Amino acid sequence: MEPKRASESALQLVHPSSTLSPILELPFDLLFTIFSLLPLPEIILCRSVCRLFLQALTSLSFLRLRPRVPLLIVPYPPIHYLYHSSSSSSVVLPLFFDPFLNQWVRLPLDFITPFQSTKITLVPVASSSGLLYLWSYPDNTLIVCNPITRRFRVLLTLGCSWSLHKATVIVGSASDGEVIVFHGLSALYYSRTAGRIFTYVPYKCRSPILVSKTLFALCDISQSNRGESRWRIFLCNLPHQFRIRAWERVDKKYEWESLLDSLEQPYLIHGRANEILMVGALKSNTAAASSPFPLCSTFLIIRLDLERLEWKEAGRMPLEMFKCFKDSFMFKAFGGWGWVCFRGNLAPRLAMWSSSSSDWRWVNDGLNTRHCKFVFDAMLTYVP
Amino acid sequence: MASTSNSTSSKIITLRSSDGEVFEVEESVALESNLIRRMMEDDCANNIIPLPNVTAPIFYLVIEHCKKHAEMKDNKEKKKELRSQGEELLKSDPHTYSNLMEAVNYLDIKSLMDLTAQWLADFLKGKSPRLIRELLKIKNDFTPEEEAEILERNRWAFD
Numbered sequence: 001m002e003p004k005r006a007s008e009s010a011l012q013l014v015h016p017s018s019t020l021s022p023i024l025e026l027p028f029d030l031l032f033t034i035f036s037l038l039p040l041p042e043i044i045l046c047r048s049v050c051r052l053f054l055q056a057l058t059s060l061s062f063l064r065l066r067p068r069v070p071l072l073i074v075p076y077p078p079i080h081y082l083y084h085s086s087s088s089s090s091v092v093l094p095l096f097f098d099p100f101l102n103q104w105v106r107l108p109l110d111f112i113t114p115f116q117s118t119k120i121t122l123v124p125v126a127s128s129s130g131l132l133y134l135w136s137y138p139d140n141t142l143i144v145c146n147p148i149t150r151r152f153r154v155l156l157t158l159g160c161s162w163s164l165h166k167a168t169v170i171v172g173s174a175s176d177g178e179v180i181v182f183h184g185l186s187a188l189y190y191s192r193t194a195g196r197i198f199t200y201v202p203y204k205c206r207s208p209i210l211v212s213k214t215l216f217a218l219c220d221i222s223q224s225n226r227g228e229s230r231w232r233i234f235l236c237n238l239p240h241q242f243r244i245r246a247w248e249r250v251d252k253k254y255e256w257e258s259l260l261d262s263l264e265q266p267y268l269i270h271g272r273a274n275e276i277l278m279v280g281a282l283k284s285n286t287a288a289a290s291s292p293f294p295l296c297s298t299f300l301i302i303r304l305d306l307e308r309l310e311w312k313e314a315g316r317m318p319l320e321m322f323k324c325f326k327d328s329f330m331f332k333a334f335g336g337w338g339w340v341c342f343r344g345n346l347a348p349r350l351a352m353w354s355s356s357s358s359d360w361r362w363v364n365d366g367l368n369t370r371h372c373k374f375v376f377d378a379m380l381t382y383v384p
Numbered sequence: 001m002a003s004t005s006n007s008t009s010s011k012i013i014t015l016r017s018s019d020g021e022v023f024e025v026e027e028s029v030a031l032e033s034n035l036i037r038r039m040m041e042d043d044c045a046n047n048i049i050p051l052p053n054v055t056a057p058i059f060y061l062v063i064e065h066c067k068k069h070a071e072m073k074d075n076k077e078k079k080k081e082l083r084s085q086g087e088e089l090l091k092s093d094p095h096t097y098s099n100l101m102e103a104v105n106y107l108d109i110k111s112l113m114d115l116t117a118q119w120l121a122d123f124l125k126g127k128s129p130r131l132i133r134e135l136l137k138i139k140n141d142f143t144p145e146e147e148a149e150i151l152e153r154n155r156w157a158f159d
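Chains L and G, in that order, give the protein sequences.
Residue 1 is where the first sequence starts when you use UniProt numbering, and the numbers rise one by one after that.
Residue 1 is where the second sequence starts when you use UniProt numbering, and the numbers rise one by one after that.
Please note that a few of the clues may not be correct.
Pair ranges (Cβ atoms, derived) [as the list claims (entries may be wrong)]:
id: 1; chain 1: L; residue 1: ARG151; chain 2: G; residue 2: ASP141; range: 36 to 46 Å
id: 2; chain 1: G; residue 1: LYS110; chain 2: L; residue 2: SER175; range: 33 to 43 Å
id: 3; chain 1: G; residue 1: PRO144; chain 2: L; residue 2: ARG196; range: 37 to 47 Å
Some chain L residues near chain G, calculated using beta-carbon distances under 8 Å [said to hold, decoys possible]:
id: 4; residue: LEU26
id: 5; residue: LEU37
id: 6; residue: GLU42
id: 7; residue: VAL49
Derived by calculation from the structure, the hints in this document are not laboratory data.
Given the structure is predicted, the values throughout are model-derived calculations rather than measurements.
Even for Gly, the Cβ is constructed at its ideal location relative to N, Cα and C.
Could you build the full structure based on these sequences and the hints that come with them?
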């Protein structure tokens, strides 16, 4: 053994670079397999080990391989987080929660430098693959950023007549900077190629979603203010149909009317790829008296095929879970990329459904996750 | 003549490593490898199966771990033990680790692939880039400016 060691050290002296680490000699696909087992912060850390690691961990083929983990976002962090936030005092930070590792992820947004000396608050309002859209308050500006690569861009300034609390923001193609802001019955479409288009929406609408250049929304056709809503699915193709008279009703079939009428507080959610999910509480005459929504039996997830006008049940919340929503009278469903989360206004925890495994689970951190507003699909490559 | 399915437990497969060593392995162990399985299906089973990409010392390791893996199927404690062995191997002999990983990949053994990949992933967890470099003998090939930029961009992960 002795001579071998001597020769090795001699080699090291002469050609320090030739003693390449055996790990770096592994083929890329093996490195990918290994790296895909790492949690997100570890992936970032390992990028700074050496050039080869950096190259492997930023390559598209690796990023596609890595199982995607949705992060839950709490737009308004509780006060104690504000006080302990170490970064720039002029930016209020949202919180990110990894529901699988069950831990908070630190993604400070302090790289977004305020444009004026006054304190701004950045509130996440929407997300697309890898990108987060923030409403900067009080200057009412929309900013898009990738909190992982720490890059940002100002998308558009809305002006003082728009209020964050009344607005719903949805986003489409990131490369075109496509965004729609709903504000009461008015709506603004913006994209780099089409510019700004302002219009009114024909009905009170809820949970609009944008699926490859088509806007879908649930519209209340009852035209009444007495609370008895009748939700129907409408669509309009963007950008040329983004006009008040161009909205088309999708669900003219009788079965669709009864499906929509059987759901309490329905939501549309963008599924995987171009899939559209509809979520709601299933109305039932036989529901137990202790049920949350007095006449509902559970939450239902439905997969819609709007081309063929067909639908199929995708998931049903187990009764044990549904019981925990029993004190709530309002619930919110949100999600994307194959995840749906359920939040009740008085439910202690957040429930989560995965479309790939059809699993239902609780997100464990009871104190804060119930303030979550939407899911962010953290990705390392996307550029705002 | 005798149907193979009845005598699988006792059947012996003969394999030859790249450095000429001949191994006699129980079929149940050998069939963990999808490569060998495919070769057997292609009817090479009566001859010695050559493994031109695997040396004898590495093949010993592979067989050993295949057996261990088969033993601990339902044993959580042993599973944990096996998973923790990677740290040791990577610290003492990263060369053997990478040879083992490549052999497992070549032989296409799913269970060992998962295990060996997990070894390195576990090893990387919770270590600073500097420590990773030191332990795995990786040269820092970034310029100081590049390194500063990467650190700045990824600062959140280091807190």
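Hint by hint, here is what the structure shows:
Range check, ARG151(L) to ASP141(G): Cβ separation about 25 Å, and the 36 to 46 Å hint is violated. Distance hint for LYS110(G) and SER175(L): a CB-CB separation of about 39 Å, consistent with the stated range 33 to 43 Å. Take PRO144(G) and ARG196(L): their Cβ atoms lie about 45 Å apart, and the range 37 to 47 Å holds. A cut of 8 Å between beta carbons decides the hint on LEU26(L): the least distance to chain G is about 5 Å, and the hint holds.
Taking 8 Å as the C-beta cut-off, the interface hint given for LEU37(L) holds, the closest approach to chain G being about 4 Å. For GLU42(L), the interface hint holds, the least distance from its beta-carbon to any beta-carbon of chain G being 6 Å, beneath 8 Å. With a least beta-carbon distance of about 5 Å to chain G, the hint placing VAL49(L) at the interface is held under the 8 Å criterion.
The structure fails to meet hint 1 from the earlier list, while all remaining hints are met.
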